[in-house]
Amino acid sequence: MNEIASFIIAKYNYWIYIVLMMIGLYAMIVKNNLVKKIIGMNIFQTAIILFYVSIGTKRGATIPIIYHGHGDGSHAVHATDYINPLPHVLMLTAIVVSVATLGVALAIALKVYRRYNTLEEDEIFTQIRRK
Amino acid sequence: MEMIESIKPLLAVLISVVVVVPLIIISRRPNTREAWTFVAAVGKFILVASMLPVILDGSEITCTVASVLPGLDIAFRVDAFGMLFALVSSSLWIVTSVYSIGYMRGLDEHSQARYFSFFALSLSATIGVAFSANLLTLYLFYEMLSFATYPLVTHHQDIEARRSGRKYLLYIVGSSIALVLPAMIITWQLTGTLTFSPAGILGGQASPAVVTMLLFFFLYGFAKAGLMPFHSWLPAAMVAPTPVSALLHAVAVVKVGVFCILRVLTGVFGIKLLADLNLGTVVAVLASITIITSSLIAMSQDGLKRRLAFSTISQLSYIILGAAILSPKSMTGGMVHIAMHAFGKITLFFCAGAIFVATGKKYISEMAGIGKQMPITMTAFFIGALSVIGLPPCGGIISKWNIAVGTLETHQAGFLVVLLVSSILNAAYFLPIVYKAFFCGPEETLFPDKIKEAPLWCVVPLVVTAVLSILMFIFPQPFLTLAKLSVGTLFINP
Amino acid sequence: MTQHLPAIIIVVPLLSALLVAVFGWIKKTICFVIALPAMGIVFLSSIVLFYKVITENQPIIYFLGGWSPPVGIAYNIDHLSSLVLVLISGVTLAHLIATRQTVIEEFTNKVSAFYTLYILFVTGLMGIVATGDAFNLYVLLEIASITGYAMIGMNSGRAYLACFNYIIIGTIGACLYLLGVGYIYLVTGSLNMLDIASILPGLVDSKVVPAAFIICMVGLMVKMGLFPLHGWLPNAYTYAPSSVSTLMAPLTTKVMIYVMVRVALYVFTPVLSFSVIKPGNGFTWIAVAAIIMGSLMALSQQNIKKMLSYIVIAEVGYMVGGLWLGNRMGITGAILHIVNDAVMTLCIFLAVVSFSSYKKRDKLSDFQGAFKEMPVTAAVFCVAAISIIGVPPTCGFFSKWYLISGGLAAGHYAFVAALLFSSLINMVLFFRIIEIAYFEPFSDHHGKKHHVKIAEASPGLLIPLIIVACMLIILGLYTDELVTHVISHAIPAEIV
Amino acid sequence: MKKLGLIIVLICGSLMLYGTIDFPDWADPSSPASTHLSPYFIETAMHDTAVPNIVTAVLADYRGYDTMFETTVIFAAGLACFFLLRRFQRRAPDVNLFRHMPTGITLRIKKGGKVPVDSSEFERIDSIWVPYDLIIKTTCRLLIPFILLFALYVIAHGHHSPGGGFQGGVILGAGIILYAISHNLRAAKARIKERFDAYMCSAGVFIYVGTGVLCLLMGANFLDYSALAPLLGTDPIMARSHGILIVEIGVGIAVMAVMICLYYNLSSAGRQDEGL
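Protein chains in written order, with my numbering: chain A, 1 to 131; chain B, 1 to 494; chain C, 1 to 496; chain D, 1 to 276.
Each hint can be trusted.
If you want the ones that stay clear, here's a sample from chain A, every Cβ over 12 angstroms from chain C, calculated:
| id | residue |
| --- | --- |
| 1 | 1 |
| 2 | 2 |
| 3 | 16 |
| 4 | 65 |
| 5 | 67 |
| 6 | 80 |
In the SDA-like style, the derived pairs of lysine to any residue whose C-alpha atoms are separated by at most 25 angstroms in a straight line are:
| id | chain 1 | residue 1 | chain 2 | residue 2 |
| --- | --- | --- | --- | --- |
| 7 | D | 189 | C | 109 |
| 8 | D | 2 | A | 113 |
| 9 | C | 207 | D | 19 |
For the record, the hints were derived by calculation from the structure and aren't laboratory data.
Backbone N, C-alpha and C fix where the C-beta goes; we use that ideal spot for every residue, glycine too.
With these hints in hand, go ahead and build the complete structure from the sequences.
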């Protein structure tokens, strides 16, 4: 029992991201409203960002900005003192991408609204079928 | 055996593709256009004939065009059997061109430029099949022929033509994709080559079950041969203008199917393999069923062209039967039958067309007494019928005789009975037409007692082919020699 | 300068996109004038790269920013990617010239924005193919996707909803790929493909590797529209502006399959992909389902573009199935089909655009009399149709040849049967259209002369169309060269 | 649909949970991710590029190529929004509202009516207008300069502290958007015109790509900033540092411009006449 608990605690970051991701996926599949779908998409992306950032952490390390003073070039840097910078870099990119996708998705949702006067998918379908 | 590298086979194939360009460009001027068709037809015949001496010397001509897959080329090889077939089709193209001009102008058909262009393309494909060195090239030209003949079959562009065209494509292309293509690839996987060889390439490479399966795939995949139950496209295709039926559905297309089957039987399976597995008999039985059944069906047909079509189906299976008996004599007979039947049947089709042009009649029941109005045509019809039935003094007897001798040589007398029965049936459905045309009483006749033949363009070709049918009884040597040469290479080590 | 070619194929279109964005505000017609030479340069550079790779017989690796991998990002242009680069740039060039008029008609006052997105889309695809970095691929994938969403959504009517679904599903696909890359990063610590490939075989026991593999593959399958995940594709391609669907249909799915090949063979290495994880059989069965369902769905469509979209879905099944047969023949077939299918799809979509250039032709019944009015387009359409059916000597036959051979060699007879079935269905599909175009409207045949005015599309569209159609046959005849000199080097030697 | 969705989600979730069994523990310093590449970055980034913020160094130099396309993605998104939404219409809206500022009286003028010309006394207001906004306007007017200043700081100080082009650019854009919200869209457009904004989008990306091309022209690989040393008059290592600053500025401009472009188009559904 104890082992299981420690196992769960040791990997809790993964459980969280999976739960978050599934919430996003559920919203994207099930929700009827287009904006809710977009929100689901964003949660989905955020879950992945969380996953990446969480694998960059390192116990006992600080943010990856090297402590230095002016004229202090000989300062030795130990990799164990700083957390992994790479996931942060990647996620900066991923965040930007998700913002870009969000912008385009909103633009399309706006166009849908302008045409059908609703954002509910089923109502849109009935309108399409009526034609 | 000597191999000669030459570009002539390629030229012979391409000449009628190239001629399509001027045909389309000058489509507005019929005389110049048809002059081009003539140039191509004669040029093709000369090219093919110029290779004849070499072949008769026992050499073969090869030509590799392109290597399309590793170890697999588009290549031509002219051997005696291919030569025989090419000679028949290219010589008949000249005659048919003349006839086409008469027929198409006589009926004032539409889209004549398209008609002549696709006709030229079809002939290219036919010669391509005849000269193929391997199965891939064969398949390529086989498919090309299927697509090139589609606009010809559906020339009238009406509902009936569409229905027939659909059936035509479904049977011919469908079977080739569904059966020949996988069979070809399986063969390639098993043997690593697709080049025809006189001893066959499958021998010792595959289990009997696989060989049998492949045999059926090829046999029915080449649906152009009209082996039952893959025959019903042929009567349907009779909606085409008569010159198309004449050249394509009595000579080029259907013979391509038979040619392919013969090529595959001899070049891929090999006589020895077929004999060892007793597959020859299986094929022969299938062919016999087709022969008898389609002859019986032919008797009940009233449409003249439909009757001819069923007759063709039955005659095609003669050729397959000749090959399947697996004796040198009958194989020779089968090969020669390609030529003999071609001349006989094309005469019959020409006659049917001439009758249609002159009187607009399509049905046999309407033709009582027509011999009085069109004596030349009906005489030619009689000669053609004799040839197809296999009676002297026409060429058909020579091939049938050889096949019959072959059945006796190999002690398969059952097939001799088939031959005899079907000959009687042939006579039973052809001779009454001739009889009624000439010898019906005055009260029965439907035509005035005044000679009114079809235009000269139509009559001359059918006279020519009728005369040729008789000549081939007297001088069968060219074709017989070619067939014997070819069979000689196949039965070197029986 | 030739050592910088890998950068040039990306930088030139990128700069030209910016120029189009700026100068397009000033003068509309200048967009095409800028885009054409840019794409021309890209095409030439790709050919030079292709030539270099083949003659030197080793991959060209370019360090972006001067940092050698795995620290920096590297471009890795080998036989496979240089082939696809030439394909993409060639297809784009032909498409760019062919659709000049259509673009002006469809995007009256947004031509400059369209061309900017268009060039960025192609840049993204080129980058996807050239890159040797798993994460860089994701970024470029998103560039291609976002520009693609925008271009698809630009049509009126149902395009909006189709595009919205595409965004949602496409984002799921891309995110799954990103997640898969994250898993790989988690166990290897690297993002460079070559580096990952050298580390992964040591991790055969880890459960993370199969998980990463499956997630990546599912993501890519969504993006390429493989059968159960294809929902977005038909509507998106059908309702998109025709100048967009003609570009996306040939390129997007094909590039995604390229990515699948790349990830399977060069990231997860053949050992993992075909021996340890072994999804092959399952994936091939999915492909079989895709081929059959795609063909059957195509049969039930009345709208030509929708029908073609379903054919695209079936073709995706061809390539995925060929890849996961796991033998040399099948993979050769899959790669060959990437090339052939891109050209075939371009040809058939452009032919449809050409048919609609004077009269809107959407439904199959609209094609009445099309052959008489547009004989050249009709001829091209027939060539493309024959190629898709798979008849020699067009290229479609030869890739099918390899795929069937691969299926037989692997003993996967269902795949072979599905391929043949789909060929037959394709024949029915295309001859249905050809029949309508050729026979209808019916008339009494004898003696009646039809005088239909020939109304061909403009030469700007017709000439590229004819060139593409010729390419179908040329590609077919040069299959041997392509296979022995390029594709056989593109497949790792351990695959037999 | 709901049940089906739930089942799909549960299946996916459990598969993913299964996949995590072999994952390294949270914050494990010995995980492959922390031991393969990242030590190199941490230990040599300062030495290679003279940038203490390793994230910035990796972002704009080691993986500068990614970042270039990241900027392009943003650019593409802005352009896509414009492409999809923008509606050029010369037709004036049916009803315009004008406010006489000294008295606060609102005039409602139908199409074709006479429009007040003296702009110093009248201002056009949105048809959905929140009655009184003096406090908001004044507060924002005071705040915005500081927001913009802070944004510039974030861009410029990205080398030494968390920050950089994206962050700074977003804050810059937010400042302008705040202005647009507190006043109205036309007021913002008067300050930053649509065309100018579009040029800024392109210019931002162009600065980035141009820097890379400059490196190419100097004979080094694309985006290898050390080649810029002769132009900048520094040693190659400092040249990298400066190169990073240049591209960060480019990113900042592009991001700001795109944010504004997105706001303009989304808030007014592409008409760019009345917002929100």
